[in-house]
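S.K.: So you can see what is in the structure, the chains are spelled out below.
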Amino acid sequence: MDKDHRYTDEALIIRFQQGDERAYIELVKRYRDRLMTFVFRFVGDMEQAEDIVQDALVKVYTHKHYYKEIAKFSTWVYTIAGNLAKTELRKRKRRKTTLLSQMGHEERDYDLPAVQPETGEAVESEFAEVQIQEAIQELPLHFRTVVILRDIQELSYEEISRIVDVPLGTVKSRINRARLQLQEALKEFRHY
Amino acid sequence: MDRYQFEDSISEYIENTLTLSQRKDFEDYIENNPESVVLVERVRSVINNMQKMPDVKTSPDFMGQLMRKVDVEKNRPAQRVKPGNTVFGFTPLYAGLMSVAVVGLIMIGLQMIPDSSQGPTPIPNHFTQESAPVQSPATQPHELRMESLAGAEEDSANVEVQMDKRRSNIKNKIRLVKNQ
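Just so you know, the protein sequences line up as chains A and B, in that order. Its first residue numbered 1, the first sequence is counted upward by one per residue in our numbering. Its first residue numbered 193, the second sequence is counted upward by one per residue in our numbering.
If you are wondering where the hints come from, they were derived from the structure by calculation, not from laboratory data. There's no promise every hint is true.
Listed below are several chain B residues computed to face chain A (Cβ distance under 7 Å; list not exhaustive) [to be verified]: (1) S203; (2) M245; (3) E265.
Residues of chain A clear of chain B, computed beta-carbon distances all greater than 12 Å [as the list claims (entries may be wrong)]: (4) E47; (5) H65; (6) K72; (7) H142; (8) D165; (9) K172.
Cβ pair distances, simulated, as ranges [what the hints assert, rightly or not]: (10) K93(A) - P246(B): 35 to 41 Å; (11) G169(A) - R260(B): 39 to 45 Å; (12) Q17(A) - G288(B): 48 to 54 Å.
All residues carry an ideal CB built from backbone N, CA and C; glycine is no exception.
One chain only, chain A, in its complex shape:
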């Protein structure tokens, strides 16, 4: 399958549309970890993230003919994954609301698991990651999507604009606002 590295993503999806299933496998190999990172940072749960990535890739399989050559494959697949992740979060929010409404008042208080940093650079870095991840989860969805795509996935503003289907200026403004909110949430930690 090494020879498939010669092909661009767009060439692979076209080969797949023509019936070459190996092209699909190659696309999955190229995108599974990228999508996993994006979706995990978005939903904050490994199992759910993996399910969502699988569902997105199944959609690529079943809806392959919906892809049109005018767009980049990455734009298309990130859009699918992002939409599925948002749907999952909305479902989760509804479930949470229902569960909370079923609880008594005394049951509603809960403690977040304590994250105690130990010594060592690796642990500190892991601690920082956990703090950032928690701060990202606090962002509104429209800020969260764009800041992950920009600062973690390192996509261009133009591609993000196409993925979220929002004007370029709005994307830039949302990313800036998201970063300001993140620094506000993280300023008590010495890393920031």
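We have chain A already, so just place chain B on it with the hints.
M.R.: Here is chain B on its own, set in the frame of chain A:
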């Protein structure tokens, strides 16, 4: 540059996408507002730390699970409708419902067709009965028109009698009030 413009420009300043004049304005602002330098550095730190976050890997069984899901999706249409159990490509239920609907439409259509053996197209009774009250006076028979005119005259005569009675009542009341 004010505070809002400064905050709006932080990312562009860090990513070096401001024009020369905008950059100069920005730097003038942070020179005059030393606390704003801290904010710029914090945002820069957030960006750097996010970029350093490790990639998240899928589990070793990811591919196997994915292919199982793909197989389920591939087989789904075949499971829903077996090719042998279709009528012109429709499921037996839909085919049955559509047949009933078609037969019903044909029956209604047949009832609407006039019987040609009884000469010119007869008007069904219920149409004539319902439309009689809304016939315009011009199309009504002469006797009917005369009857309705006589009725109208009678009505207007009754109204005049009632008005006379009311007038006399009012006059009587006025007289009574004057006498008191």
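S.K.: If a hint holds in the structure, say so; if it does not, say that too.
M.R.: Results of checking the hints against the structure:
{"no.": "1", "hint": "S203", "result": "4 Å, holds"}
{"no.": "2", "hint": "M245", "result": "6 Å, holds"}
{"no.": "3", "hint": "E265", "result": "5 Å, holds"}
{"no.": "4", "hint": "E47", "result": "9 Å, violated"}
{"no.": "5", "hint": "H65", "result": "14 Å, holds"}
{"no.": "6", "hint": "K72", "result": "20 Å, holds"}
{"no.": "7", "hint": "H142", "result": "16 Å, holds"}
{"no.": "8", "hint": "D165", "result": "21 Å, holds"}
{"no.": "9", "hint": "K172", "result": "7 Å, violated"}
{"no.": "10", "hint": "K93(A) - P246(B): 35 to 41 Å", "result": "28 Å, violated"}
{"no.": "11", "hint": "G169(A) - R260(B): 39 to 45 Å", "result": "44 Å, holds"}
{"no.": "12", "hint": "Q17(A) - G288(B): 48 to 54 Å", "result": "37 Å, violated"}
In terms of the numbered hints stated before, the structure departs from hints 4, 9, 10 and 12, listed from lowest to highest.
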